[in-house]
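Build the full structure now, drawing on both the sequences and the hints.
2 protein chains.
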Amino acid sequence: MMGQDFGTWMQGVQADVERALENYLPAASAVPAKLHEAMRYTALGGGKRVRPLLAYASGALFGGDAQALARVASAVEMIHVYSLVHDDMPCMDDDDLRRGKPTVHVAYDEATALLVGDALQAQAFQTLADIDTVPPARLVQMLRLLAEAAGSAGMCGGQAIDLDSVGLSLTRDELERMHQLKTGAMLRVSVILGALCGKDLTSTELEALKAYSKAIGLAFQVVDDVLDATADSATLGKTAGKDAADNKPTYVSILGLDQSKELAEQLRREAHEALAPFGEQAQRLRELADLIVQRKA
Amino acid sequence: MMGQDFGTWMQGVQADVERALENYLPAASAVPAKLHEAMRYTALGGGKRVRPLLAYASGALFGGDAQALARVASAVEMIHVYSLVHDDMPCMDDDDLRRGKPTVHVAYDEATALLVGDALQAQAFQTLADIDTVPPARLVQMLRLLAEAAGSAGMCGGQAIDLDSVGLSLTRDELERMHQLKTGAMLRVSVILGALCGKDLTSTELEALKAYSKAIGLAFQVVDDVLDATADSATLGKTAGKDAADNKPTYVSILGLDQSKELAEQLRREAHEALAPFGEQAQRLRELADLIVQRKA
Numbered sequence: 461m462m463g464q465d466f467g468t469w470m471q472g473v474q475a476d477v478e479r480a481l482e483n484y485l486p487a488a489s490a491v492p493a494k495l496h497e498a499m500r501y502t503a504l505g506g507g508k509r510v511r512p513l514l515a516y517a518s519g520a521l522f523g524g525d526a527q528a529l530a531r532v533a534s535a536v537e538m539i540h541v542y543s544l545v546h547d548d549m550p551c552m553d554d555d556d557l558r559r560g561k562p563t564v565h566v567a568y569d570e571a572t573a574l575l576v577g578d579a580l581q582a583q584a585f586q587t588l589a590d591i592d593t594v595p596p597a598r599l600v601q602m603l604r605l606l607a608e609a610a611g612s613a614g615m616c617g618g619q620a621i622d623l624d625s626v627g628l629s630l631t632r633d634e635l636e637r638m639h640q641l642k643t644g645a646m647l648r649v650s651v652i653l654g655a656l657c658g659k660d661l662t663s664t665e666l667e668a669l670k671a672y673s674k675a676i677g678l679a680f681q682v683v684d685d686v687l688d689a690t691a692d693s694a695t696l697g698k699t700a701g702k703d704a705a706d707n708k709p710t711y712v713s714i715l716g717l718d719q720s721k722e723l724a725e726q727l728r729r730e731a732h733e734a735l736a737p738f739g740e741q742a743q744r745l746r747e748l749a750d751l752i753v754q755r756k757a
Numbered sequence: 461m462m463g464q465d466f467g468t469w470m471q472g473v474q475a476d477v478e479r480a481l482e483n484y485l486p487a488a489s490a491v492p493a494k495l496h497e498a499m500r501y502t503a504l505g506g507g508k509r510v511r512p513l514l515a516y517a518s519g520a521l522f523g524g525d526a527q528a529l530a531r532v533a534s535a536v537e538m539i540h541v542y543s544l545v546h547d548d549m550p551c552m553d554d555d556d557l558r559r560g561k562p563t564v565h566v567a568y569d570e571a572t573a574l575l576v577g578d579a580l581q582a583q584a585f586q587t588l589a590d591i592d593t594v595p596p597a598r599l600v601q602m603l604r605l606l607a608e609a610a611g612s613a614g615m616c617g618g619q620a621i622d623l624d625s626v627g628l629s630l631t632r633d634e635l636e637r638m639h640q641l642k643t644g645a646m647l648r649v650s651v652i653l654g655a656l657c658g659k660d661l662t663s664t665e666l667e668a669l670k671a672y673s674k675a676i677g678l679a680f681q682v683v684d685d686v687l688d689a690t691a692d693s694a695t696l697g698k699t700a701g702k703d704a705a706d707n708k709p710t711y712v713s714i715l716g717l718d719q720s721k722e723l724a725e726q727l728r729r730e731a732h733e734a735l736a737p738f739g740e741q742a743q744r745l746r747e748l749a750d751l752i753v754q755r756k757a
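Quick mapping for you: the protein sequence lines, in order, are chains E and D. Numbering-wise, our numbering comes out as the position in the first sequence, counting from 1, plus 460. Numbering-wise, our numbering comes out as the position in the second sequence, counting from 1, plus 460.
Don't read these hints as lab results, they were simulated from the structure. There could be a bad hint or two in this list.
Same chains, same label: a pair holds when it works inside one copy or across any pair of copies.
Unchecked claim - DMTMM-like mimics (lysine to aspartate or glutamate), calculated; alpha carbons at most 20 Å apart, straight line:
1) Lys494 x Asp624
2) Lys702 x Glu747
3) Lys721 x Glu740
4) Lys708 x Asp569
5) Lys494 x Glu634
6) Lys494 x Glu667
7) Lys708 x Asp633
8) Lys702 x Asp750
9) Lys708 x Glu570
10) Lys670 x Asp592
11) Lys708 x Asp525
12) Lys508 x Asp706
13) Lys494 x Glu608
14) Lys708 x Glu482
15) Lys508 x Asp718
16) Lys659 x Glu482
17) Lys702 x Glu725
18) Lys702 x Asp555
Now the structure itself:
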């Protein structure tokens, strides 16, 4: 697998994850059909699959079992997709376009969007709980980590802070804290859950992974802010320039464009340094850090 | 404990559950404070706690550990409360009053209500995963059962069918199928999760519990429909007469009031019969069946 170039590996994982989501999401023919159809509409056929890629890369480093990794990747992606569906609703960001397609509340209706998100969250825990190649005690730990990353001490908490920050001028520390919850928590847990599909981690290995995932979690958001300020909607597959229009504090509004780009580059280097103990074996994680910082959408 | 009268036992459990929720919900002082405050506003200080009562009654029958039961009870109540918060939102039932208090989107705002529900769902899985007095393999099974009951094959699925049924004339079978998902799934899983906090269940015992919980799950909804048609808002602590106003199919609209009351009574008897194998020990579960059918709110 290490012989493959990065692009080929990435496409292979994305195809794997698409198949896994196809399998682990309820069939569109199962009752209630409209809900299941809407869950599949939003979860399948698109997305960069950054969280699954992180889980696979980290899982490969520790010899993670393939079935377990497919379930971890699907679970973190389901949580991510549910958060997008709810985030796009009129009472939140009120966005009509996501991954180049009409958002769920536009393609269906608001009530369906609400239930799609709720059901995807439950489906994520179910998908993870069905892993049967990881010892139960560790699986409980993994379910616990996913719940924490998704909840009020993680992603939901970050969104709540984000909501309350509209129109405020945050300090850089406050902005970082918000993003380490809002986007960072799920990116970090993707790395850790992938690793937990394999052999036991030493505390040194765990700390190295945490340092790596903290750096790329933040880098991801800095780059998101840069892209929101510089790219167009067609490239992003979502409405560009929303942050400024919504009067939201961003890295670009606090640091300016050039310093934001420099910060992203610095975080990329920190991610690489954190991986030093793993040597060559961590090549995919390094490449993902590069991808996160150098992406154009 | 069996020496206590039912009312005293029930109050004891309700006080236990209130304390447990106080503990297992994030502190209102923890960041993000507004989100945590809103989670506590809606989850604490009210509610009949029917699902926790079922878990405690069933747990007592199998010698369930007290800490595990408190966590199971809190988890099922958190899922229930999150579903109420989302259900009350303008895009769903648009209700201003719940348990005699302004609903979350009225007391706070819609975006906060959305996040409160999302975060409570995650908190439920976290609270359950933190049980340390049940063998891990069984705990994984419990987490899986909770996810299934909460998701598109359970509660969320029932709500989706409910949404699509507005203005339709369902058959009695279709109405039953909807309610066995919408309300029944979480009531049934409360009984089963409570039991799983104790000794191993034989398949006969599991089947008896399933028959009991199926009967009371349906009875609960039949009585809900009867109360919605007959009680006033002050007694219910929520807006009465909503179903007819919303043109929703109910047992009362399909069977009429008298036959609906008869059906509830028949289901109460079925619940009692299902408990026969347990003898005297199942007294609390019998009393809960009576409470569910004979309640006035």
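We went through each hint and held it up to the structure:
1. Lys494 x Asp624: Classified as between: cross-chain Cα gap 9 Å, same-chain 34 Å, threshold 20 Å.
2. Lys702 x Glu747: Answer is neither: 29 Å inside a copy and 56 Å across each miss the 20 Å cutoff.
3. Lys721 x Glu740: Classified as neither: same-chain Cα gap 27 Å, cross-chain 71 Å, threshold 20 Å.
4. Lys708 x Asp569: Answer is between; shortest inter-copy Cα gap is 18 Å, intra-copy 26 Å.
5. Lys494 x Glu634: Cα proximity of Lys494 and Glu634: across copies only (16 Å, versus 41 Å in one copy).
6. Lys494 x Glu667: neither (44 Å within a copy, 32 Å between copies)
7. Lys708 x Asp633: For Lys708 and Asp633, only the intra-copy Cα distance (15 Å) is at most 20 Å; the inter-copy one is 50 Å.
8. Lys702 x Asp750: neither (25 Å within a copy, 55 Å between copies)
9. Lys708 x Glu570: between (24 Å within a copy, 19 Å between copies)
10. Lys670 x Asp592: neither (26 Å within a copy, 25 Å between copies)
11. Lys708 x Asp525: neither (41 Å within a copy, 48 Å between copies)
12. Lys508 x Asp706: neither (25 Å within a copy, 41 Å between copies)
13. Lys494 x Glu608: Between copies, since 18 Å is at most 20 Å while 30 Å is not.
14. Lys708 x Glu482: neither (36 Å within a copy, 33 Å between copies)
15. Lys508 x Asp718: neither (25 Å within a copy, 57 Å between copies)
16. Lys659 x Glu482: neither (28 Å within a copy, 37 Å between copies)
17. Lys702 x Glu725: Cα proximity of Lys702 and Glu725: none, with 24 Å in one copy and 57 Å across.
18. Lys702 x Asp555: within (9 Å within a copy, 31 Å between copies)
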